[in-house]
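> These protein sequence lines are chains R and B, in that order. Going by the numbering used here, the residue at position 239 of the first sequence is 239; the numbering climbs one at a time, nothing skipped. Going by the numbering used here, the residue at position 223 of the second sequence is 223; the numbering climbs one at a time, nothing skipped.
These are computed hints drawn from the structure, not numbers from a lab. Bear in mind the structure is a predicted one, so any value in this text is a computation, not a measurement. Be aware that a few hints might be false.
Here chain B is said to cover these stretches of chain R; the calculated rule only asks that three of the stretch's residues, wherever they fall, bring their Cβ under 8 Å from a Cβ of chain B [said to hold, decoys possible]:
no.	region
1	96-110
2	255-268
A short list of chain R residues far from chain B (calculated; beta carbon distances all over 10 Å) [to be verified]:
no.	residue
3	Pro53
4	Glu62
5	Asp78
6	Ser232
7	Arg334
Even for Gly, the Cβ is constructed at its ideal location relative to N, Cα and C.
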Amino acid sequence: MTHPADGPVVVLLDHHTVDGAPRLRPPVLELLTLARGLARHTGAPVHAVALEPGLAAAAADEVGRYGVTVVHDVTVGDADRHLTPVAAEALAAVASRAGASAVLATSTFENKEAAARLGVLTGAGVVSDATGVTREDGEVVVSKTVFAGTWTTRCAITTPLAVVLVKANAVPAEPVDAPTEPRTEGHAVTVSAGARRATLTGRTERAATGRPELAEAQAVVAGGRGTNGDFSAVEELADVLGAAVGATRVATDEGWIGHEAQIGQTGVTISPQLYIGAGISGAVHHRGGMQASGTIVAVNSDPESPIFEIADFGVVGDLFDVLPQAAAEIRRLRG
Amino acid sequence: MKIVVCVKFVPDIQADRRLGQDGRVVRDGGDGTLNELDENAVEAALALAEAAGDSEVVALTVGPAGAEDAVRRALQMGADRGVQVLDDALAGSDVFGTVTALAAAVRRIAADGPVDLVLTGMAALDGLTSLLPAALAAELDLPQLTLAAEVAVEDGAVRIRRELDGASETLAAPLPALVSVTDQANAPRYPNFKGIMAARKKPIQVLALADVGVDPAAVGAAGARTRIVGSSPRPPREDRVLITDDGTAGTRLAQYLAERKLV
Ligand SMILES: Cc1cc2nc3c(=O)[nH]c(=O)nc-3n(C[C@H](O)[C@H](O)[C@H](O)COP(=O)(O)OP(=O)(O)OC[C@H]3O[C@@H](n4cnc5c(N)ncnc54)[C@H](O)[C@@H]3O)c2cc1C
Ligand SMILES: Nc1ncnc2c1ncn2[C@@H]1O[C@H](COP(=O)(O)O)[C@@H](O)[C@H]1O
Numbered sequence: 001m002t003h004p005a006d007g008p009v010v011v012l013l014d015h016h017t018v019d020g021a022p023r024l025r026p027p028v029l030e031l032l033t034l035a036r037g038l039a040r041h042t043g044a045p046v047h048a049v050a051l052e053p054g055l056a057a058a059a060a061d062e063v064g065r066y067g068v069t070v071v072h073d074v075t076v077g078d079a080d081r082h083l084t085p086v087a088a089e090a091l092a093a094v095a096s097r098a099g100a101s102a103v104l105a106t107s108t109f110e111n112k113e114a115a116a117r118l119g120v121l122t123g124a125g126v127v128s129d130a131t132g133v134t135r136e137d138g139e140v141v142v143s144k145t146v147f148a149g150t151w152t153t154r155c156a157i158t159t160p161l162a163v164v165l166v167k168a169n170a171v172p173a174e175p176v177d178a179p180t181e182p183r184t185e186g187h188a189v190t191v192s193a194g195a196r197r198a199t200l201t202g203r204t205e206r207a208a209t210g211r212p213e214l215a216e217a218q219a220v221v222a223g224g225r226g227t228n229g230d231f232s233a234v235e236e237l238a239d240v241l242g243a244a245v246g247a248t249r250v251a252t253d254e255g256w257i258g259h260e261a262q263i264g265q266t267g268v269t270i271s272p273q274l275y276i277g278a279g280i281s282g283a284v285h286h287r288g289g290m291q292a293s294g295t296i297v298a299v300n301s302d303p304e305s306p307i308f309e310i311a312d313f314g315v316v317g318d319l320f321d322v323l324p325q326a327a328a329e330i331r332r333l334r335g
Numbered sequence: 001m002k003i004v005v006c007v008k009f010v011p012d013i014q015a016d017r018r019l020g021q022d023g024r025v026v027r028d029g030g031d032g033t034l035n036e037l038d039e040n041a042v043e044a045a046l047a048l049a050e051a052a053g054d055s056e057v058v059a060l061t062v063g064p065a066g067a068e069d070a071v072r073r074a075l076q077m078g079a080d081r082g083v084q085v086l087d088d089a090l091a092g093s094d095v096f097g098t099v100t101a102l103a104a105a106v107r108r109i110a111a112d113g114p115v116d117l118v119l120t121g122m123a124a125l126d127g128l129t130s131l132l133p134a135a136l137a138a139e140l141d142l143p144q145l146t147l148a149a150e151v152a153v154e155d156g157a158v159r160i161r162r163e164l165d166g167a168s169e170t171l172a173a174p175l176p177a178l179v180s181v182t183d184q185a186n187a188p189r190y191p192n193f194k195g196i197m198a199a200r201k202k203p204i205q206v207l208a209l210a211d212v213g214v215d216p217a218a219v220g221a222a223g224a225r226t227r228i229v230g231s232s233p234r235p236p237r238e239d240r241v242l243i244t245d246d247g248t249a250g251t252r253l254a255q256y257l258a259e260r261k262l263v
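If we strip away everything but chain R, and leave its shape as in the complex, we get:
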């Protein structure tokens, strides 16, 4: 199958489970918005792919509000859909069947693995951690930040099929004026032996925290060694802001908070509108995961801390004084 420039832009639907039912993750709506912009250049349609049973039906109305015309509902037989090589083959099958021009997915570790294999399977060019994607002179052009958010690069994908992994908060999600009624297309994909050489012997999904997901939150309040293990001030401020809670590796290594809260080069990369770091020195490994944030606030008792080099608003002070006072003032301003 060929991949003409006006072939569909296919978006992988990421989900989480809410009350036992699959639900779209918010960054998917941003992806659908970007996909529409990309598709507009060639008059291509926007399609969606669901790998989770029940997701296609559960998400149909919502993706319709974002202009999707076809939802590909994929089953993989007795293969395990959680294995990323299996997801890669499912995506390859849909991209080929639909004659896709581009595949878009969120930039998670799992999707990076699936995209890398998809690239090997299809010959597609792959760019991860994108902050934007357009078409220029016929080519898909992707922007991304590198070197801990200190540089922006733009690169063209020169293959007929382009695979782009987009970071959360790249664009605001915008529904279409006139919702579509997407058609569902079923695909039963036969997965190769090569994709099943490793077996998933156990999988435990993490219970939801009730707070926004770190990777996709609009605001994040993070704590480091300076909390000395007491995250209550960090959590209080996060909750008045509706923010996610993050941490440095020191805090996760100490067991003060789960490893999934680690922000940085070996943890979660975030780019929220607002990042507040408290009791965090701003080591290069941590900065690599948050420096692309919109507004950076730092609260640290040491004026020499490197985090102040990148802070828009820095407070030299004790986090146990500053954070509760800020939370109280925000409550007061809200009335």
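For chain R, the structure is supplied; the task is to place chain B with the ligands on it using the hints.
Using the frame of chain R, we list chain B with the ligands on its own:
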């Protein structure tokens, strides 16, 4: 057991990193190092080799002149020998070009005795793409066990545990297999004086593309599926404020956020 560990030479992340006119990483030399996260891969290779006994650890890199420093560091830590794929035609490779060269080198290493395990780091701290391990597993048609926070080999099988954003997973596969490890997997050993001296005598084999049977057109800028069209440093943050808490800093912070419509 024969283990190949993939190591990359990257600009020091503590140094000032920049891109040139051509959009490629400026490599002035001097301030490059072994990618920090590959130290975890080397450590895992050495620990598994020690546990299995009668093993060989080969440190492999694809990179320009100077990149052998990364291999040398792995040898100092305890790897037995090194292989560098070095060829002018590799300049400008994207992940798939690098994978083509690495896979060909692994096959070449396997020609004189099968490779049981290919180990990589979780990401190269220059590009931070984390695409390579899965692509290499696909190219070599090996089971893919990535982002291992724990890895063990027993009875011809490898098992890992990995922590994802939303789930914790365990995976298993028969050898041969490809495993990428995170910085949680272990604490890399620091080369001691003996290790540093011993490394001087360990061989680093340099292979050109022709030696590993790779068509130069398939790699480098010629074979790349992406092309940089522009790059620029992020403009400095403006109107930055730094205050010292006089008892009102929390209130001022809240007001700052409110003015910027961030609350
Ligand atoms: C391979 C590798 C990968 C790594 N990956 C990551 C990563 O992904 N993410 C990450 O975060 N780290 C990572 N690290 C660790 C990183 O190098 C730093 O060690 C870590 O980020 C420091 O955490 P911290 O800022 O909490 O602690 P510290 O550097 O100890 O800083 C604590 C700060 O708290 C301040 N403080 C103390 N008390 C108070 C108070 N009452 N009020 C206000 N301020 C106070 C102090 O002035 C100090 O600046 C990695 C390291 C390695 C080697
Ligand atoms: N040029 C290279 N030579 C050898 N190994 C590499 C090279 N590039 C990447 N790797 C390996 O692949 C891992 C992930 O890199 P990346 O996908 O580029 O972030 C690294 O930790 C290395 O183990």
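> Does each hint hold? Answer for all of them.
Now the hints, each set against the structure:
no.	hint	verdict
1	96-110	holds (count 3)
2	255-268	holds (count 5)
3	Pro53	holds (17 Å)
4	Glu62	holds (20 Å)
5	Asp78	holds (17 Å)
6	Ser232	holds (15 Å)
7	Arg334	violated (8 Å)
Hint violations for this structure: number 7 only, all remaining hints satisfied.
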